[in-house]
Each structure stands twice: as C-alpha cells, then as structure tokens.
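Colleague: Sequence:
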Amino acid sequence: MSPLSQYLAVTASYWAFTITDGALRMLVVLYFHNLGYSPIEIASLFLFYEFFGIITNLFGGWLGARVGLNKTMHLGMLMQSIALGMLCVPPSYLNVPYVMLVQAISGIAKDFSKMSAKSSLKVLVPQDQEDRLYKWVALLTGSKNALKGAGFFIGSILLGTVGFRSALLCLMAGLFTVFLLSVIFLKNEIGKGKNKPKFKDLFSKSRSINLLAIARFLLFGSRDIWFVIALPVFLQAQLKWGHADVGSFMAVWIIFYGIIQAISPKITGTKSSKKPNQSSLYKWCLILAIIPLFISYLIPNLPNPGITLVVGLIIFGGVFAINSSLHSYFILYFADRENTSMDVGFYYMANAGGRLVGTILSGLLFQQYGLDMCLYFSTGFLVSASFFAWLLCFNQSQQNK
1 MSPLSQYLAV TASYWAFTIT DGALRMLVVL YFHNLGYSPI EIASLFLFYE FFGIITNLFG
61 GWLGARVGLN KTMHLGMLMQ SIALGMLCVP PSYLNVPYVM LVQAISGIAK DFSKMSAKSS
121 LKVLVPQDQE DRLYKWVALL TGSKNALKGA GFFIGSILLG TVGFRSALLC LMAGLFTVFL
181 LSVIFLKNEI GKGKNKPKFK DLFSKSRSIN LLAIARFLLF GSRDIWFVIA LPVFLQAQLK
241 WGHADVGSFM AVWIIFYGII QAISPKITGT KSSKKPNQSS LYKWCLILAI IPLFISYLIP
301 NLPNPGITLV VGLIIFGGVF AINSSLHSYF ILYFADRENT SMDVGFYYMA NAGGRLVGTI
361 LSGLLFQQYG LDMCLYFSTG FLVSASFFAW LLCFNQSQQN K
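Here the sequence shown is numbered in the numbering used here, starting from 1 and rising by one per residue.
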C-alpha cells in the first residue's frame, strides 16, 4: 500500500473506534446519573479507564515498535468490541467494580488505537516535509474529535430511543465489522523498529519531550476538571437539560472543537510556512487560561447562566483545540523517527495521567464546591502548563546557540 492509502486505512479505523468511544462515554455518564449515582461515583467509574491508559501508552509504544503499529491498532479495536459486549449484561451485574473493569479494558483499547494512529504519521510522512506532517496531524486529530462529538450525540440518542443494552449491541456490531475490514486491508507492519527496543528504553531521554509531556498533563487535566463530570451533571441537575439536550450540545462542541483542530495550521502558521513557531505553545496556553476565569465570573453576574456557559465553553473549545493541535504536532516533531511510538507512547502516558487527575477532581470539586471551583483549578493548571511550555522553548533556544 502507498503511504496515502495506509494513512487513509489507519484514519478510517481510528474514526470507527472514536465514534464508539464517545458514545460509550455519554452512555455511561447519563445512564448511571439516572440510576442515582453521585458525581464522585460517576467519576470513579472512569478511574481505571484513565489509569490503564497511562500504563497502555507507556507499554503500548514499546509494543508497537516491536510488532508494528497495525497490530496494536487492531488489538485496540478488538478490546473495545469486548468492552462493549461486557456491558450488555443484566442491570443487576452493573455495579461499580464491574463497570470500572470494563472501563479499564476500554481505556487500554483507546490508547492502543490513539498511539498507533498518531505514531504512524511520523513514519508515513517524508522526513523533510514538516508542513505536511502538521497538516496530516491536524486533520487526523480534528476529524477524530469531530467524530467523538458525533459519538456523544449517537450515544445520547440511542439511550433515549433503544435503551442502554441495545445501544451497546449496535456499537459493538459496527466496530467489529470495521475491525475485520481493517485486518484485511491494513497489513503493512507500520512503525516496526529495525532494532528491538529494550524495556529500559520506555522512558524518554529527551528533555524537550519530558517538558512537553508535563505541559500536556496539565493541559488535558485543565479541560477534564470541568468537562468530564461537572459539566454534564451541571447541565442536567442545575439547568434541567434532558439526555438529548446534553448529548447534542456536547456533540456539537466536540465537532466544533475538531473543526478548529483541523484548520489549526491556517491559524498558527506564519506567512512563509504552515509550520508553527515553538513559542506558540505557551502563548496560546496563556490565552486559554483566561477563559475559565471569565466564565466563573460571568455565570453568577449575568441573568442567564445557561447561555453564558454555552458561549464560554464554545470559546474555550476553539482555543483549546489550537493548543491540542500544536501539542500533537510538536510531539511528532521532537520524536525519534526510528522509535516514534516509544516517544509518542510516553507523551500520551502524560496525557492519560492528566485526564485521570482531571476526572477525579471533576467529580470531587463539583460535589464539594460546585462548578466555580472546577473552573478555578482549570485556570491554575493552564498557567502551569504555559510555564512548562515556555521552559521547553527556552531549552530549545539554548541548544541552538
């Protein structure tokens, strides 16, 4: 297969997985909220999802370098199909420990798929075409998030029409079909290292990647502190939105977020190149840090908190999308070409860690103090992320002297 054909096959597989991932997230949040679970209990359902994502990214990059990224992609799709099937049990079996186990399998599956899809771009794009790399990364990431938004919408609609169990069966059947097609068409051993990486090579030795990983941890923690649990529960409990309303809004938000990611090269590029400057990392992060503060101030001081929250979240989503695209490009830019999956896996381990901390804090802070405190913590994380991004730029400038 040509590099373009491989890119399209990887992207299609990742798209299918992403739809089920978004739908499953919305199904679990709304279904268990309806059963009377508290925000912190709902957050606990996702702890293993994020925790095992940390482990999977670390070991998944090492595994991908040894056996090929196509195999780790297929493994992720198969495990997600199994996770969906495991939730199709009678309601009496759906207790917290069981659902946490299922979410652990889903988290492993998600990070196998993400690591495989993004690492493959570094291998498929010629070494001297950095503009093209940024464009492909932005398109893959943007389209993925747009389809995750579609998954939110699909999950909420299926829950309201056919019910929890039937929705899961539909998602499982669709994903397993795409898995079989991917096994048939995606056979090249993408990203398989010439030399078998050793276990001691799991952790990055690059200072730039380490600093970028810390910034990524804080960036995604800042989003999930208020987006994962606090926002959908606030919309339902405080603003009295229904299933379809919450799912539709969050779907539109993610789709918008994905569109902005896809066009980020046009926003962040210079006149002479689509390739962004490294200083963009901390400058855009500082802009993002201001937004949660404004939202927390305006909600109690304007007559309609719903409109304020919606507008604020849309602005936050657009700026966050630009930050995310910049990060996704620079990890591939700094990654070692021979063992890309190792560096990318290490980096997305930090991403999963940020999501884990954000998820815990989202449930805990919202239950104890409300949405305002979630927004304050979000700003604190973002200011810290911009500081580490600035350190990365300073480190690179010192190396270039």
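Hints were generated in silico from the structure; no laboratory data involved.
A portion of the hints provided could be inaccurate.
With beta-carbon atoms standing in for the labels, derived distance ranges [unchecked claim]:
{"hint": "1", "residue 1": "369", "residue 2": "180", "range": "14 to 24 Å"}
{"hint": "2", "residue 1": "301", "residue 2": "380", "range": "32 to 42 Å"}
{"hint": "3", "residue 1": "387", "residue 2": "166", "range": "45 to 55 Å"}
{"hint": "4", "residue 1": "88", "residue 2": "184", "range": "18 to 28 Å"}
{"hint": "5", "residue 1": "96", "residue 2": "310", "range": "23 to 33 Å"}
{"hint": "6", "residue 1": "206", "residue 2": "88", "range": "35 to 45 Å"}
{"hint": "7", "residue 1": "394", "residue 2": "91", "range": "33 to 43 Å"}
{"hint": "8", "residue 1": "380", "residue 2": "266", "range": "27 to 37 Å"}
{"hint": "9", "residue 1": "307", "residue 2": "369", "range": "33 to 43 Å"}
Derived lysine to any residue pairs resembling SDA-like cross-links, with alpha carbons at most 25 Å apart [what the hints assert, rightly or not]:
{"hint": "10", "residue 1": "240", "residue 2": "334"}
{"hint": "11", "residue 1": "240", "residue 2": "58"}
{"hint": "12", "residue 1": "275", "residue 2": "160"}
{"hint": "13", "residue 1": "275", "residue 2": "178"}
{"hint": "14", "residue 1": "240", "residue 2": "150"}
{"hint": "15", "residue 1": "240", "residue 2": "336"}
{"hint": "16", "residue 1": "135", "residue 2": "334"}
{"hint": "17", "residue 1": "283", "residue 2": "394"}
{"hint": "18", "residue 1": "71", "residue 2": "89"}
{"hint": "19", "residue 1": "275", "residue 2": "390"}
{"hint": "20", "residue 1": "240", "residue 2": "297"}
{"hint": "21", "residue 1": "71", "residue 2": "173"}
{"hint": "22", "residue 1": "240", "residue 2": "41"}
{"hint": "23", "residue 1": "135", "residue 2": "35"}
{"hint": "24", "residue 1": "240", "residue 2": "256"}
{"hint": "25", "residue 1": "240", "residue 2": "44"}
{"hint": "26", "residue 1": "275", "residue 2": "259"}
{"hint": "27", "residue 1": "266", "residue 2": "162"}
{"hint": "28", "residue 1": "283", "residue 2": "380"}
{"hint": "29", "residue 1": "71", "residue 2": "90"}
{"hint": "30", "residue 1": "135", "residue 2": "279"}
{"hint": "31", "residue 1": "135", "residue 2": "5"}
{"hint": "32", "residue 1": "275", "residue 2": "11"}
{"hint": "33", "residue 1": "283", "residue 2": "305"}
{"hint": "34", "residue 1": "135", "residue 2": "150"}
{"hint": "35", "residue 1": "135", "residue 2": "15"}
{"hint": "36", "residue 1": "283", "residue 2": "297"}
{"hint": "37", "residue 1": "240", "residue 2": "160"}
{"hint": "38", "residue 1": "71", "residue 2": "35"}
{"hint": "39", "residue 1": "266", "residue 2": "287"}
Note that beta-carbon positions come from the ideal geometry of N, C-alpha and C, so glycine has one too.
Colleague: All hints are to be evaluated individually against the structure, with a verdict given for each.
Modeller: Consistency of the hints with the structure:
no., hint, in the structure
1, 369 / 180: 14 to 24 Å, "violated (48 Å)"
2, 301 / 380: 32 to 42 Å, "violated (21 Å)"
3, 387 / 166: 45 to 55 Å, "holds (48 Å)"
4, 88 / 184: 18 to 28 Å, "holds (26 Å)"
5, 96 / 310: 23 to 33 Å, "holds (32 Å)"
6, 206 / 88: 35 to 45 Å, "holds (44 Å)"
7, 394 / 91: 33 to 43 Å, "violated (55 Å)"
8, 380 / 266: 27 to 37 Å, "holds (31 Å)"
9, 307 / 369: 33 to 43 Å, "violated (23 Å)"
10, 240 / 334, "violated (46 Å)"
11, 240 / 58, "violated (41 Å)"
12, 275 / 160, "violated (44 Å)"
13, 275 / 178, "violated (34 Å)"
14, 240 / 150, "holds (22 Å)"
15, 240 / 336, "violated (50 Å)"
16, 135 / 334, "holds (16 Å)"
17, 283 / 394, "holds (13 Å)"
18, 71 / 89, "violated (29 Å)"
19, 275 / 390, "holds (18 Å)"
20, 240 / 297, "holds (22 Å)"
21, 71 / 173, "holds (20 Å)"
22, 240 / 41, "holds (20 Å)"
23, 135 / 35, "violated (44 Å)"
24, 240 / 256, "holds (24 Å)"
25, 240 / 44, "holds (23 Å)"
26, 275 / 259, "holds (18 Å)"
27, 266 / 162, "violated (42 Å)"
28, 283 / 380, "holds (15 Å)"
29, 71 / 90, "violated (33 Å)"
30, 135 / 279, "holds (19 Å)"
31, 135 / 5, "holds (16 Å)"
32, 275 / 11, "holds (22 Å)"
33, 283 / 305, "violated (29 Å)"
34, 135 / 150, "holds (22 Å)"
35, 135 / 15, "holds (17 Å)"
36, 283 / 297, "holds (23 Å)"
37, 240 / 160, "holds (16 Å)"
38, 71 / 35, "violated (38 Å)"
39, 266 / 287, "holds (18 Å)"
In this structure, the earlier hints numbered 1, 2, 7, 9, 10, 11, 12, 13, 15, 18, 23, 27, 29, 33 and 38 are contradicted, and the remaining ones agree with it.
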